[in-house]
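Residue-level listing of the chains:
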Amino acid sequence: MGLIQTPTPSVVSVDPVNSEGWITTRLDFLVNWGRANSLWPMPFGTACCAIEFMATAASKFDLARFGMERMGYSPRQADVLICAGRVPFKLAPVLRRIWQQMPQPKWAISMGACASTGGMFDNYAVVQGIDTIIPIDVYVPGCPPRPEALIHAIMMLQKKVMKDRMSDTAARVEMEPDPTSQLYIPPSRIDKLSEQFGNSIPQTRSGQ
Amino acid sequence: MSAFTVIQSGSAPGLPTPATPKNVPHRGGDANPSAEALKAQFGAAILRVDVVWGETNVTIDPARALDIVRWLHDDPSQSYEYLSDVTAVEFRDRGMPIEVIWHLRSIKYRRFLRLKAPLAKGQPLKIASVWSVYKGADWLERECYDMFGIVFEGHPDLRRILLWEQYTEGFPLRKDFPLRGRLSRAEQLRQALAANPEARYSMEELSIADAFQELPLDMRARIKGGESTGE
Chain A
1 MGLIQTPTPS VVSVDPVNSE GWITTRLDFL VNWGRANSLW PMPFGTACCA IEFMATAASK
61 FDLARFGMER MGYSPRQADV LICAGRVPFK LAPVLRRIWQ QMPQPKWAIS MGACASTGGM
121 FDNYAVVQGI DTIIPIDVYV PGCPPRPEAL IHAIMMLQKK VMKDRMSDTA ARVEMEPDPT
181 SQLYIPPSRI DKLSEQFGNS IPQTRSGQ
Chain B
1 MSAFTVIQSG SAPGLPTPAT PKNVPHRGGD ANPSAEALKA QFGAAILRVD VVWGETNVTI
61 DPARALDIVR WLHDDPSQSY EYLSDVTAVE FRDRGMPIEV IWHLRSIKYR RFLRLKAPLA
121 KGQPLKIASV WSVYKGADWL ERECYDMFGI VFEGHPDLRR ILLWEQYTEG FPLRKDFPLR
181 GRLSRAEQLR QALAANPEAR YSMEELSIAD AFQELPLDMR ARIKGGESTG E
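Residue numbers (this note's numbering), protein chains in the order written: chain A, 1 to 208; chain B, 1 to 231.
Bound conformation, chain B alone (with noise of 0.2 Å):
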């Protein structure tokens, strides 16, 4: 089959029609075949897999994890060529390990799989970033550290997307963090206020660093004189 073929709705190779499941048990039922590969693939990184509403999820080996995601995107078994979301979760218990968390999603053989990797309390809050399996993970990966503070190594540019780069206060999905962040309400208006609007962004975000030659003579003038705050 070549890379382009079309597949249309309902007609995946060898598999049967969808229809809506009904009666899905809260625990048990049948797991994502993907499971047991993964089992058979890399044993003692699969720590766990459970089925919850008829999604499954497996718990794997943080250290693993880009082995793991990587296997899942090209092996032809597989397929899974869609990332959905990277997140994370810290639970009330502080005692229990923050989750990192993929949604993948094969389109090939309609399969959804959650992958979660417990990241322990007192260590550094690392994990291997698929960014290099999945290009569409460069934003995600950067809100799950914006919010969590989970370093992505190997991305190619973490750094906050949701939050101004300057900020202080910390990273405001954890449970340590006030809701009402950690500054007064007049400080916290003090440094926003004194950010710059457009500092925040690239160069490469607005393309101006493509486009160079194509700005007008004036505008060239400012930016090579170092000027950021052009409007």
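If we strip away everything but chain A, and leave its shape as in the complex, we get (with noise of 0.2 Å):
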């Protein structure tokens, strides 16, 4: 109509005919908040606190919102563990082993009292914390912890995971088990067993 349209300046333009739809933004900084922004988690629920998890995806605190809406059942799909409830000791061999099933990068998030001190199963059957298993980067308190704690817990989380630098290289360093050690399955062997599951390649460790 012979005006001619100018971008507002707070609004980024993507028209390709406009010569000024240009963003610029630092690698580390699209990585982070792709990642951060669509997170799988792998419902590790093994009590009651599971029930709040449950809540916690279901429709009225809605975890979606986070990017969450896939819970994965298989770890090699997985970027979050939550482990919701109380671990006791059988089952510590194969809390590591699903962890170390998980593709780098990876989180942890441990959900509540018993998760993340023993609570007050201070007795001989229940793992007392389970960073002595697995590193875990955010601890939610609580008996069990509302929905609410859950999702500050995530927020926690995604912004610690904005904090990532491509330059800092540890976090996406494999942790590699002790080759020693009974848990322990040559990369070779993972990507063999995960290959039946229509996992990529590139997902898995080898690096092939």
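Treat the hints with care, as some may be off.
[Unchecked claim] Label-pair distances were calculated between CB atoms; the ranges are:
1. A:P141 x B:G154: 47 to 53 Å
2. B:A221 x A:Y73: 26 to 32 Å
3. A:N37 x B:E169: 45 to 51 Å
[What the hints assert, rightly or not] These stretches of chain A come out as covered by chain B in the derived footprint (C-beta under 8 Å, 3 or more residues):
4. 86-95
5. 126-135
These are calculated hints, taken from the structure and not from any lab test.
Yeah, the Cβ is synthetic: ideal placement off N, Cα and C, and Gly gets one too.
Hints in hand, dock the two standalone chains.
What follows is the structure, encoded as structure tokens:
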């Protein structure tokens, strides 16, 4: 109509005709933004905290707002392990193996008093804090925590992911388990085992 | 009456309609008629009959436990078809015997009977398994063995069920077992993590042995090669 439209400064324009449709950012920021908003949780519910976790994922609290609607029950396709509930010693090697099966980068949330410290179960059967088995990023207090508390923990985790730096490779270094351990599975075998479940090769850890 | 006659609820032959008992005394009251029948049948093997809160507890000689349970199951006048539970009790008084307890229920006569067999301290904790009478006793007796260390003689597969099979610290529900276990936390964790998660399950439990021919070829090859850690 004869009018020249100029983009408003506060709006990012992606109109290819418009020569001003540029955005610049750090690659760090872009990658972290993508990761933080599409975390795929792997629920590891062992007790009553899992009930609150279910409430968090259900429609009222709606975990999908954080890009987490896809609960992965395969550790090979998960980013965040959410351990909800007490972990007995009998489950300790299972939890550690599940953690080892998750591809890097990966994070863990310890949900509730029992997972974080053993809670009231200071007895012969219960692990006194799952950080003795796997590294934990966020501890959620509560018995059980309210869904808001878990959402808060997830938002804290997202902030942590946003602070990641490409130059800091520590977060992407594969934590190799001890080959002399009974729990050790060679990477080639993990590839072989996960192949039939449709995992793409780069997701698995042999790097081939 | 054939074995497959359906007995409707509240219509058991020759019995009044069931009603919720009221004002049940703590001690005393009508004993389960099976207690008298047991006394008549086994005499001295029946040590004591108590009625507590309307439920009949029959204390029996542990040596005759299997005979008594078998008779209660088989005799048509008793017909205890259902084994609710096998458990044990150790009392705080160290001198008192450990009691092995069976909860029996007769669906036909709507009766509940609790059998107790005292096992003296200082003796090997051994008692006959009732697995040959009730197949459901299998896991109940395994749990009882796992928690109390009572050996059920004649059980087909007596091993730990809740704790892992390499567990070395003892039997947790015994009074001399410390609440936090015998080993340090670090040693407990080390032993737990050294355990192989798959090795705890027998081939029978996973039914792999039965379904072996239907497994994929590569899995069959791995199992045949003696691998026990397949996923």
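(message) Need the list of violated hint numbers for this structure, in ascending order.
(response) none
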